[in-house]
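Novice: Chain residues, written in single-letter form:
Number of protein chains: 2
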Amino acid sequence: MNIELRKDAEQIIKESVESVLPDEAVVRALEEFKPGRGKLVLVAAGKAAWKMASVAVNMLGTVDCGIVITKYGHVKGNIPGVECVEAGHPVPDENSFRATERAMEIVKNLEADDTVLFLLSGGGSALFEAPLISGEDLQDITKQMLSSGADIVEINTVRKRLSKVKGGRFAKLCAPARVYSIVLSDILGDPLDMIASGPAYPDASTCERAIEIVEKYGLKISEQVRKCLMIETPKSLDNICTRITGSVTELCRAAKKCCEKLGYETTFLTDQMACEARDAGSFLGSIAKSHAYDGKKRAFIAGGETVVTLKGSGKGGRNQEIALSAALQIDGIRNAAVFSIGSDGTDGPTDAAGGYADGDTADAIRGCGLDPIRLLGDNDSYTALKSANGLIITGPTGTNVNDVAVILIGKNLPIDL
Amino acid sequence: MNIELRKDAEQIIKESVESVLPDEAVVRALEEFKPGRGKLVLVAAGKAAWKMASVAVNMLGTVDCGIVITKYGHVKGNIPGVECVEAGHPVPDENSFRATERAMEIVKNLEADDTVLFLLSGGGSALFEAPLISGEDLQDITKQMLSSGADIVEINTVRKRLSKVKGGRFAKLCAPARVYSIVLSDILGDPLDMIASGPAYPDASTCERAIEIVEKYGLKISEQVRKCLMIETPKSLDNICTRITGSVTELCRAAKKCCEKLGYETTFLTDQMACEARDAGSFLGSIAKSHAYDGKKRAFIAGGETVVTLKGSGKGGRNQEIALSAALQIDGIRNAAVFSIGSDGTDGPTDAAGGYADGDTADAIRGCGLDPIRLLGDNDSYTALKSANGLIITGPTGTNVNDVAVILIGKNLPIDL
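Quick note, the sequences are listed as chains A and B, same order.
Going by the numbering used here, the first residue of the first sequence is number 184, and it counts up by one from there.
Going by the numbering used here, the first residue of the second sequence is number 184, and it counts up by one from there.
It should be emphasised that the hints constitute simulated quantities derived from the structure, not laboratory data.
Don't take every hint at face value.
For identical chains, the list gives no copy identity; a pair is met inside one copy or between any two copies.
Said to hold, decoys possible - Using 27 Å as the maximum straight-line C-alpha spacing, the simulated DSS-like pairs for lysine-lysine come out as follows:
1) LYS222 <-> LYS259
2) LYS418 <-> LYS259
3) LYS569 <-> LYS444
4) LYS444 <-> LYS479
5) LYS479 <-> LYS440
6) LYS480 <-> LYS440
It should be emphasised that the depicted structure is a prediction, and the values quoted were computed from it without experimental measurement.
Whole structure, please, built from the sequences with the hints as guidance.
Specialist: Printed below as a string of structure tokens:
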């Protein structure tokens with residue numbers, strides 16, 4: 184193993200994951216936050232809502248009032264001045280609806296110099312919801328759409344219109360107060376109107392399009408639903424300011440920053456990698472090979488979330504497959520390494536966060552009497568990397584903003600002939 | 184279609200393919216060539232041997248003597264001072280052996296200030312061969328190895344030792360004359376001891392290793408073969424100078440140069456891409472997406488040779504699959520394009536050299552009533568791209584140095600909402 188590269192890898196992993204933890208991410212996002220002179224109201228929804236709210240209140244000192252809506256079991260204590268409600272996820276329940284109505288009440292009569300600090304995280308779509316139609320109607324159309332073959336954009340185009348808060352409507356309710364949103368993102372590419380269906384972001388979709396979708400999939404809808412679909416969502420909002428934080432983009436940025444600090448000339452490739460894991464690993468490995476003799480320390484960063492098409496019965500995860508597949512490409516290139524981790528600290532059904540491979544990894548696996556090619560074919564990246572000390576183990580990190588893979592090219596080493 | 188990006192793509196394709204045609208490639212490689220004061224001897228072997236020799240003699244004015252060994256039907260005329268021989272490929276025949284013996288004769292008694300210009304191209308392994316053992320013995324062991332599961336490195340390790348010219352032995356024969364080799368490469372990563380089994384390059388493999396391979400696969404060998412395997416190949420050669428030309432590396436370099444000329448800030452990624460085509464396309468598309476809003480013209484270059492795992496029954500090729508797969512990633516991003524071509528001008532069993540996709544391509548395909556996702560699943564990239572004017576058609580180019588894929592990011596365009 185290339186000890187130097189492995190050591191650098193550990194540091195890059197540590198610093199980049201830390202940068203996207205809700206605490207750090209909220210603190211960073213709040214650095215630019217200046218509330219108005221009026222009241223300060225906090226509304227937090229999502230799986231990380233309690234954590235985000237507690238960091239925010241701690242940092243701001245106090246808020247005038249507020250509400251946290253999170254998943255059952257996720258409230259960890261009292262936050263001064265803030266009601267904390269637990270509700271249904273992934274299927275919204277009466278608690279979600281009641282708590283969301285309560286949030287609407289809190290922001291309804293605000294003035295122009297009041298401020299709503301809106302903290303949104305994964306799961307917000309179910310947790311922050313107040314339907315315009317009956318629960319049965321909502322369930323029925325949701326079920327029809329899920330089985331129709333409609334894609335997520337189409338489903339959201341319809342659903343936004345059936346909600347009192349989605350598609351920018353929550354921000355409209357807050358007006359004339361200013362809404363400062365902090366979004367802890369776990370969706371590739373950060374489409375702000377998609378995260379929790381964008382309660383505080385202008386909606387790009389149209390009524391016309393919603394009706395088209397109903398016709399395209401032959402959805403059966405009630406008169407009440409049809410009426411809702413005809414009501415347009417806000418197309419522009421002049422009282423919002425949105426700060427995405429803790430996203431895969433920030434994860435990549437932090438990895439890049441750390442690589443540069445360690446002396447690597449660093450190229451950011453993408454934060455939207457979405458292909459098959461083993462092919463991503465192969466591609467990254469081929470980049471490493473082509474730069475191994477450049478004579479300088481180089482790094483490349485690729486974030487996103489790859490997929491694994493299971494063909495075998497082994498143990499592993501997408502990040503470990505990236506590393507194992509890359510190991511085969513950089514086999515023998517002793518100054519190159521590729522590693523990949525899930526920012527949540529878990530990769531597939533294993534105790535590893537991801538995998539590390541360098542030019543010695545394939546040989547180390549073979550040295551244990553194992554065949555790295557066969558193990559990759561059997562989706563058994565865990566076994567392969569374990570034998571070569573290539574597992575990266577962090578434990579659960581408390582956030583989930585996809586994965587990041589890094590190529591490191593160290594100083595040139597002589598090739599053994 | 185983004186007309187500007189498409190126009191740039193055409194120019195990049197034209198200029199980069201031209202740069203790797205044997206003519207251009209040989210001319211460029213000869214720019215640094217300074218023959219000694221003695222005799223100048225030309226030896227050319229491979230499918231492009233006649234072309235390379237004819238360009239060289241034309242440029243040098245004259246040679247003292249020489250021989251071209253190429254495939255049947257590939258001698259296109261007389262070259263002054265040079266014998267032109269056609270022989271068997273891919274299976275060597277008596278003509279290959281006789282012509283190679285003739286080449287050995289020509290270089291045998293040269294002096295220190297004489298020079299051998301050695302021109303090597305694809306197919307040289309069969310065309311440039313003089314076995315140390317009988318034809319039957321050679322055929323027998325080749326057959327055994329091919330069915331044994333031995334890989335190409337293992338096969339070559341054995342075969343080099345059964346030849347009078349491979350594994351650096353030809354250069355040894357030329358000594359004390361200097362050998363200036365120009366290698367027109369079609370092997371990823373340009374391993375010089377692998378191209379035609381390296382007649383003029385030191386051999387890294389050992390006798391020990393050759394015997395190990397015989398034992399590993401239980402090959403049955405004659406006493407004569409065993410004796411040959413024990414004779415070591417040259418481990419260093421002080422009379423050689425090697426210039427690789429027309430390789431995928433030069434293809435990438437030329438593409439990069441052209442992109443820069445057109446004002447794109449260009450990043451060379453790899454010349455050794457070898458993963459599944461659709462995943463390469465997805466990866467390239469995700470790079471394009473992540474840089475589409477950088478606000479500057481950018482290009483990324485990835486060369487190599489991807490693979491296609493056939494799952495459907497459509498028509499297409501690996502380069503067209505890259506483009507179609509990328510089209511789905513950059514769908515709607517109007518200032519991004521991804522294109523990929525085979526440098527030989529053919530891609531799969533089609534009349535196209537490759538494919539072009541930009542942010543409008545997926546929509547154009549859908550506009551023809553076709554489903555780009557389904558067509559990709561059916562390996563029907565030709566049909567998909569044809570409908571969107573995304574086929575790149577060059578006709579056969581006369582060279583084969585793998586493929587190159589390019590990402591172009593143009594000036595930002597407004598996104599249609």
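Novice: Hints first: check each against the structure and report whether it holds.
Specialist: Status of the hints after comparison with the structure:
no.: 1; hint: LYS222 <-> LYS259; verdict: within (26 Å within a copy, 88 Å between copies)
no.: 2; hint: LYS418 <-> LYS259; verdict: neither (37 Å within a copy, 69 Å between copies)
no.: 3; hint: LYS569 <-> LYS444; verdict: neither (29 Å within a copy, 48 Å between copies)
no.: 4; hint: LYS444 <-> LYS479; verdict: both (15 Å within a copy, 25 Å between copies)
no.: 5; hint: LYS479 <-> LYS440; verdict: both (17 Å within a copy, 21 Å between copies)
no.: 6; hint: LYS480 <-> LYS440; verdict: both (14 Å within a copy, 23 Å between copies)
When each numbered hint is compared with the structure, violations occur for hints 2, 3.
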